[in-house]
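My request is simple: use the sequences and hints to build the entire structure.
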Amino acid sequence: MTERTVPTVAEPTALGPALRALRRRADLSQRELAAKAGVPKSTVARIESATADPRFGTVERLVRAAGGLLVIGASGDLAANALAPPEPVPRDGLRDEAGRRYPAHLDVWEVREPKDWPGAWWAEWYNLSPARWPRPLPLATYELNRTYRDRRRRTEWVREAVAVRRVTGGRVPATCWRFVAELPGGDLVGELRAHEQSPHLQWGGDEREWAREVVMDGVLVAAEHRRLGIGTRLVGAFLEEMTSSGIGIARAIAEHPGVNFLISCGFRQAGARPVALRLDRAVSAGRRPPR
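Here the sequence shown is numbered in this note's numbering, starting from 1 and rising by one per residue.
Since the hints were made in silico from the structure, they are not lab data.
Hints are all accurate, no fakes.
Listed next, with one range per pair, are the computed distances between beta-carbon atoms:
id: 1; residue 1: Val259; residue 2: Tyr148; range: 29 to 35 angstroms
id: 2; residue 1: Glu255; residue 2: Val71; range: 56 to 62 angstroms
id: 3; residue 1: Ser129; residue 2: Ile72; range: 54 to 60 angstroms
id: 4; residue 1: Arg64; residue 2: Ala161; range: 27 to 33 angstroms
id: 5; residue 1: Ile72; residue 2: Leu128; range: 53 to 59 angstroms
id: 6; residue 1: Gly266; residue 2: Ala14; range: 45 to 51 angstroms
id: 7; residue 1: Glu110; residue 2: Asn260; range: 25 to 31 angstroms
id: 8; residue 1: Ser29; residue 2: Cys176; range: 52 to 58 angstroms
Yeah, the Cβ is synthetic: ideal placement off N, Cα and C, and Gly gets one too.
What follows is the structure in structure tokens.
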């Protein structure tokens, strides 16, 4: 008896979560999607909550309005070659006090302490005990401002996409170290420079009697990408290179807040903080840095 082969078909995608994911990708609220598709807002809500059995034409209009493509298959081959569903909505399991989902097109995050909640205006200036908080904290929150939302998503993408590498060869001398932090496409967002120094030239004696040292010249991160850990990653790559090169001493000169940053990376303060000096001369043109 010949064994019958049953084709394998991909699991069907639930319509409600798929529509919510499409809305998030298109950055549309339920009301905005309903207006674009020409259907009542209540229809979108009932489809996403799986309390409605919509007609095919309604689903097609909604998917197109959200920038999606509706694919119908009748065979295993077609199902295997179908387009991948959109990324699910992050933290879609969160609910408010009434048990309702949060808007899919917004970035929702849990509130664990006052600093997680934009409504906690007192969190930045006052160290209050929970009993003295002016308002109770919500379980989760989100940001309605689209500009802020786009900036937050861009920030998260930069944090994950940035890559750190050491630049060698070309015009970089062998005793000079240069590390760069780059985004896909080569956009430079951070840089660290250092150089090896020879203690025997300063203190005398045989070069072989002295341990090798390296001096960090500076760490620079683009202003719009600071506080994302890029500087810490640059210093981490620098310290790894020290270890692999057999160098055990690193020196740096910094001012506040650079001092605190280097201490957080493992440096220790070896002396008093330096005095910042400045010399200004007349120039014909060009934007002058702040004093």
